[in-house]
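Trainee: The residues making up each chain are set out below.
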Amino acid sequence: MKLEAKNVNFFYGDFHALKDINMKIESNTVTAFIGPSGCGKSTFLRLFNRMNDLIADTHLDGECMLGDTNIYDKSISVDELRKTVGMVFQKPNPFPKSIFENVAYGLRINGERSKSVIEDTVETSLRQAALWEEVKDKLKKSAYALSGGQQQRLCIARALAVNPSVILMDEPASALDPISTSKIEELIFELKNHYTVVIVTHNMQQAARVSDKTGFFMLGELIEYDDTKKIFLNPEKEQTQNYITGRFG
Amino acid sequence: MFRKKKNKFFEILIEWMLRLSGSATTIIILLISIFLFTEGWGLFKSSTVEKGYVLCINKENKIKNLTPEQIKEIFDGNITSWKEVGGDDIPIEPMRMDEVIGMFSEEEIGSDFEHLPERLSDVTAEHKGILGFFPEQFIDIKFKGKVLPAETISPKDYFGGKEWFPTATPAAQFGILPLLLGTLWVSLGAILLALPFGLAVAIYLAELANPTVRKILKPVIELLAGIPSVVYGFFGLIVIVPMIRNVFNLPVGETALAGSIVLAIMALPTIITVAEDSMRNTPLAMKESSLALGATHWQTIYHVIIPYASSGIMAAVVLGIGRAIGETMAVLMVTGNAAVIPHTFTEPVRTIPATIAAELGEASVGSVQYQALFMLGAILFILTLIISIWAEVIRKEPHAE
Ligand SMILES: Nc1ncnc2c1ncn2[C@@H]1O[C@H](COP(=O)(O)OP(=O)(O)O)[C@@H](O)[C@H]1O
Ligand SMILES: [Mg+2]
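So the sequences go chain by chain: U and S. When we follow our numbering, the leftmost residue of the first sequence carries the number 1, and every step to the right adds one. When we follow our numbering, the leftmost residue of the second sequence carries the number 1, and every step to the right adds one.
Chain U with its partners taken away, still in its complex shape (with noise of 0.2 Å):
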């Protein structure tokens, strides 16, 4: 499904962090957010899932839609918005439980009874996440018994399971060492044949190598934003320009 933010301003008490952003995201594709730390990146991926919710004292100013109903709207439901646009954190997150159960998580707290249904979807989840091979012997093990670009993939799985259309990605693999890196990387060029993905990454080769369009961003604005390829060969501000070749200060 399509994202759009329309005129968005977002407020952390005082503090304005972000400035008026218009960004369309077309469906399945993978659009990568780049810019120095700090410039709002994740606090504008986290609007789309309405996870800023969760921060006392913030305010957004402008409207988020997905399709074509505005997420914020008072009719939306913020439980099921984020059944449809899923996330994946910085940090692999897996729960105390077993691996078995992370990914069964939120089928259950969905409701749903039939162990045939979560068996297939565990194992539909974790192939999707290119994670099956490695752990389908140790589905009842801890889910902390794994590495951290497993345990990354677990998230990913898991995220899945709930049949979402949309999966943002916060700097996903920037915890993770170059291998595990190259699988996620792998795994998102994949996905984006059945979800739109949005993945914030200081790593601009990361963005390059996985996205179809990139949104420069500095300061809370967003400086530019259009194919990868244009973004990197041929940027149109000169912010960019420095910032993707490394002239940024």
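Simulated from the structure, these hints should not be mistaken for laboratory data. Every residue gets a Cβ at the ideal spot worked out from N, C-alpha and C, and that includes glycine. It is possible that some hints are incorrect.
One-sided excerpt, in silico: chain S residues whose CB lies under 8 Å from chain U [said to hold, decoys possible]:
#1 Met286
#2 Glu288
#3 Ser289
#4 Leu291
#5 Ala292
#6 Leu293
#7 Ala295
#8 Thr296
#9 Gln299
#10 His303
#11 Val304
#12 Tyr308
#13 Gly361
#14 Ala363
Far from chain S, some chain U residues (derived; all Cβ distances over 10 Å) [stated by the list, open to error]:
#15 Asn110
#16 Asp137
#17 Leu139
#18 Ser182
#19 Lys229
#20 Phe232
#21 Ile244
Place chain S with the ligands on chain U using the hints.
Mentor: Using the frame of chain U, we list chain S with the ligands on its own:
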């Protein structure tokens, strides 16, 4: 350049002082427990019958010995035939010295009781069913009855005995079962009441209360833990005891339930504080990932926060039990203090700490009762020790399954 500095001396001194105070604490605790046991241990060397007295029976009586409980039942008139204690079918005639003296004239006894041994001997020989309880000094070599061998109080009588009458004659009863069960019973009730309540408040404070409410409520609750227990006892006596009497339509309101309620109120601050702390320790990432999967706030509390905090919650409960088991004053004031084995929550009970507090003042130093009370102290010490270790073990349990 790399020479040691002089003022290191103070660091070393302080380090040693700290070490010393650490070991001093350990030694003191050790000494207390040793003290409790040595003072109490004499109990198992004491005679079942009051000091200076003996029990006598007729020569033809085949009875070899009597337990403290049987002796008491006989003198209370609850056992009336020797058959009930393993002898012949003859009625028992319990007799104290006073009764014997009453049977004779002053001359027959002698002004200095000089003929009393003879009289006691005669009476014992004449009455087939007699169980005489006589001072040892008036039993001489020519005594024509049998003196029952002096038995010491056995651990079985102490731990398994169902009656606690420490001042009963001729045989005091030191069965701690009613006290032990009373303690556990009141504590169990307290935990059953305090756990759901404490958990609810902890969840409210950790997850639902807005920060201002929390900021006010938390210190208030912590303050409650510091109120002297006698105040809680007062509150229990004036509010809870009459309430229980009215609600359950009882003759007296001083019951196990009253004790449990007061203890529950007293244990609540500990349970709330510890449980709330452990819930707040649930990593934000864990909560966020649950919410991001579409779980509601309640589902997150139920499926993530409580399981994550479960070891802390268990520790809170155990600490609460610890407080309940050792609590003295408040319980003494509201439970009615009847040393009977509890069957319901609406009857009076008596706990170990309450017994010690109520009786230690009257027991003369070194007496059997005194020793029995110290033994109770030692048992209480072990109970609380077990509970503390248990709480410690639970707290250290890893979170991952
Ligand atoms: N919970 C918060 N409360 C107040 N300010 C915040 C909070 N989270 C982020 N900010 C501020 O908002 C700005 C954007 O943060 P963030 O979106 O995390 O940046 P990025 O992900 O691009 O590094 C930063 O200046 C940060 O200090
Ligand atoms: Mg960020």
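Trainee: Evaluate each hint against the coordinates.
Mentor: Comparing the hints with the structure gives:
no., hint, verdict
1, Met286, "holds (6 Å)"
2, Glu288, "holds (7 Å)"
3, Ser289, "holds (5 Å)"
4, Leu291, "holds (7 Å)"
5, Ala292, "holds (4 Å)"
6, Leu293, "holds (4 Å)"
7, Ala295, "holds (5 Å)"
8, Thr296, "holds (5 Å)"
9, Gln299, "holds (5 Å)"
10, His303, "holds (7 Å)"
11, Val304, "holds (6 Å)"
12, Tyr308, "holds (6 Å)"
13, Gly361, "violated (52 Å)"
14, Ala363, "violated (53 Å)"
15, Asn110, "violated (7 Å)"
16, Asp137, "holds (18 Å)"
17, Leu139, "holds (13 Å)"
18, Ser182, "holds (24 Å)"
19, Lys229, "holds (31 Å)"
20, Phe232, "holds (30 Å)"
21, Ile244, "holds (30 Å)"
Of the numbered hints listed earlier, those contradicted by the structure are 13, 14, 15.
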